Amino acid sequence: MSTHYLPEGLPAPAQEPIAQPYWEGTRAGKLVIQKCAGCGKHQWGPEWVCHRCHSFDLGWAEVAPRGRIYSWQRPHHPVHPALNGHGPYLIVLVELPGADGVRMVGNLLGDPLQEVAIGAEVEAVFEPHDAATPPYTLVQWRLVE
Amino acid sequence: MSERTLRGKVAIAGIGETTYYKHGKSPDAEFKLALEAILNACRDAGVDPREVDGFASYGGDRSDGPRLAAALGIHELRFSNMHWGGGGGGVAAAVANAGAAVHSGMANCVIAFRSLAQGQFARYGRGNQAAAIGGDDAFLAPYGLMSPAQRFAMKITRFMTQHGIRHEVLRAIALTSYHHAQTNPRAVMNGRPLDVAKYEDSRWIIEPFHRLFDCCMENDGAAAVLVVPAERARDMPHKPTYLLGAAQGGHHRSAAPVHNAPDYASAHFPTVAKNLWSMAKLGPKDVDVLQAYENFTGGVLLGMIEHGMVSAEEANEFMVPENLRFDTGRLPLNTSGGNLAECYMHGLEMVNEAVRQLRGTASNQVRDPKVSLVIGGPMVTPVSSLILGTEETL
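Chains as they are written, first to last, in the working numbering: chain A, 2 to 146; chain B, 135 to 528.
Next up, chain B with everything else stripped away, as it sits in the complex (with noise of 0.2 Å):
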């Protein structure tokens, strides 16, 4: 039996975004935002959009795919795909799902993408307003315990304290999110730099370890990937981006009710990680170039432990802002300032980067990368991850 596995077997042949804004600032709807990024990714590409035969996202997305199919004209469409979940846990995911969609033949194109109109619909960091609440809310939000950010800080808390890891960690992951948005002029941080002594005196979102600058932004916009099988790629206009390893979901009971994940104080990825690492065949030391998702900075540090890019214990000495930079780095990260200054478009503007990084096209770009790390949004499930590589990594 022949080994099942994506490792190689699909690329991204194109991506493309919107104009990044502040939340509730897009002069667009939200749909429209999410045609414009997917005809940018087959521009890209060199693909002629009707081509497209399927479509995958993540995250409730709003814009769905037979509406697009229909809007754009496309001949024939093969495949849908919505990946459960809430926020960026199935931007890698979303990914996967089109590239096993184009490996297993049920499509041959196929679309991933997120697109976001804030201002046109509800923002993520406000709880919810009904005036009785069920399901598990009905044991947090009656507490206050109703945000985003509220959900995963007592997950970050645990952990830091047991560990003993200094803020000044979180703070080097934000720190280098906005140092790379300043030469990376997509980015709505981009003009509007951070450092030290701004992030100490940043306002309290939650205590002990959610300051306003440990807390992702929210956007308008929308962002896409065009993926199709890895041997059209190589006659397709742009260096091919290899998907060399793909993994989602969560550890044993990691989604259980009211916070009684038996593995608690974690991102969810012990297995996602080794999973990930299994077909890629690949481990941690190979990574040239690393995009975590910051929905808070505390969740990127969690999820790069999970992966073995750091341990807990040499934390507090790696994590400073010299050994991350997309220059001097040991271990560049979210070259294009991701959720926290370029855009939070849920992860999908960090598979766009990974690509830039690859293709050798990047703002911010790293030395002659082989090998991209996108880590998904953490602490939520499902969790997922993605690993591409070029050429040489097959």
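In isolation and in its complexed conformation, chain A is listed as follows (with noise of 0.2 Å):
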């Protein structure tokens, strides 16, 4: 029984020198993201530059895996091979007050068919793929009960 939540078959994420500390933050299980050295704020995804002080002096920061449902979406129609046949699934945009309001994409954990609102509160839920190579971990997300 995988214990992802999608297909094996998808792409995986390449590893890029950019975001190597995000990649090994999740294979540790937290939630690492850039935060300026120059004026202290968050931002994603991974930038050359700040994007407020254009400082190139850009630190990486863990910050707390919580965050809100901005929106979502649950396709039903499967764009690549790995997900023939799976049905439908969902994808969340989660805002992360604690990081200035940074954004990510996961999938929501539990029944593909449940209600989503805007809003929720979610935390993160860190998805290991320890047989690919490389290994890497996706970070999802569920509701917070």
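Just so you know, these hints were derived from the structure itself, not from any lab. Treat the numbers as computed from the prediction; the structure is a model and nothing was measured. Ideal Cβ placement from N, Cα and C applies to all residues, glycine included. Hints may be right or wrong, so weigh each one.
Unchecked claim - On the chain B side, residues computed to face chain A include the following (Cβ under 8 Å):
hint	residue
1	275
2	325
3	340
Unchecked claim - Which chain B residues stay away from chain A? Per the calculated CB distances, all over 10 Å, these:
hint	residue
4	138
5	177
6	204
7	292
8	366
9	445
10	464
As the list claims (entries may be wrong) - Here are the computed distance ranges between Cβ atoms for each label pair:
hint	chain 1	residue 1	chain 2	residue 2	range
11	A	132	B	346	32 to 40 Å
12	B	327	A	127	45 to 53 Å
13	B	331	A	115	27 to 35 Å
14	A	50	B	420	38 to 46 Å
15	B	331	A	116	21 to 29 Å
Take the two lone chains and join them into the complex the hints point to.
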């Protein structure tokens, strides 16, 4: 029984150098994103420069793995062979109030047919893909009870 | 210092297209389709194709200008221009770039075009099948977010939810395009009508706002326009269609990675529309006929709202088929059938339709229009839009 939300065979993330601390963080069960050493603000996705103060001194910081649903979708039509016959699944856009409101995309765990509400509180669930070469961990989300 | 503007400076003197096909059904190669559309636009304008001296396109068109120039034996190539960005976001920009080249004196006679043969090449609605994926997609594709529909769906979900807009608004947009296609012999969906029941029974592509008929087709074909100086257009066969306004781009960080645009639930036209109206010296009330690019019906709605054609508050009431039809509508929309039902030619078929409307030669002719608005592919960056007008609007 797979512990992964979606079937095997979707593209793996290329763990590129610009995002290395993020990927290393996920392997350790931590949410680590860019935090500018110049102005102290968070930004996401990874970029070479701070869009606020133009500092290239972009550090990384662990942030609280909690957020709220900013928007969502339930795809039905399979757009990749790995999804053929799988049925609908949920994608959420999650806003992190504790990190200057940056947003992340993930799946919402649980019943794929559940009702989804914008604003609902969610927490990160780290989904390891240990058998992949190289191994990686995805950040998924579940509703906070 | 004289005013810096394209208003009234250039005109579309010729339009052309190929037969439009279902995706994969073109008997001809993509490059041949491009050549055919370009030759048709030249013939329409009464211009010797060898006199063309520039090409402008968008969406990563594979039929590159220098090769076209060689194949057509044009005397001299003076302008080659590819607009950044995917899909149809650049359709109006390609026409405007051609116009800017002509007005600045860099070229005299420029073709803006799009050619697509998705049977010969890849389709858009399929996800990337690489084993590992980098850039922005590293944070999207592993979660099953891969297609254009999926890239835009969460903008539409948030906007519709926030503003309490009902799905019937999107249905009206789809019904309108299909209705117009039934009386347009060029339309791929001619003879394939759509009604409320068929729309409501169609399968989900993505909940909560993308039924099958909310999504554009994928097609094979090509379309082209020929742009010349305004004064020259007056001596050419057709009633001139002048460029009154053009704008492209996106608002603050609209292309921010991993869905981080600050103003997210947007089609990306807020600043573009402001610049468009400013150049055209016109406003939403002046538009007689509107072509609004449908990648997805939600994008049409957002683009219309951001151009001031309808407000979010009045959308539920106003956006009904009767208000959008060419004959009865207060705001005739997508009068050829557009990307949903005429042909997905990345919106260039809509520029051709805007010209036909102003010439008075459209299949679904609006009564005596003077001003045509074309809104290019929404929700990408850069987006673009343009306004065309007849002699009276100068």
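Here is how each hint holds up against the structure:
no., hint, verdict
1, 275, "5 Å, holds"
2, 325, "25 Å, violated"
3, 340, "5 Å, holds"
4, 138, "29 Å, holds"
5, 177, "40 Å, holds"
6, 204, "38 Å, holds"
7, 292, "4 Å, violated"
8, 366, "45 Å, holds"
9, 445, "21 Å, holds"
10, 464, "32 Å, holds"
11, A:132 to B:346: 32 to 40 Å, "36 Å, holds"
12, B:327 to A:127: 45 to 53 Å, "50 Å, holds"
13, B:331 to A:115: 27 to 35 Å, "28 Å, holds"
14, A:50 to B:420: 38 to 46 Å, "42 Å, holds"
15, B:331 to A:116: 21 to 29 Å, "26 Å, holds"
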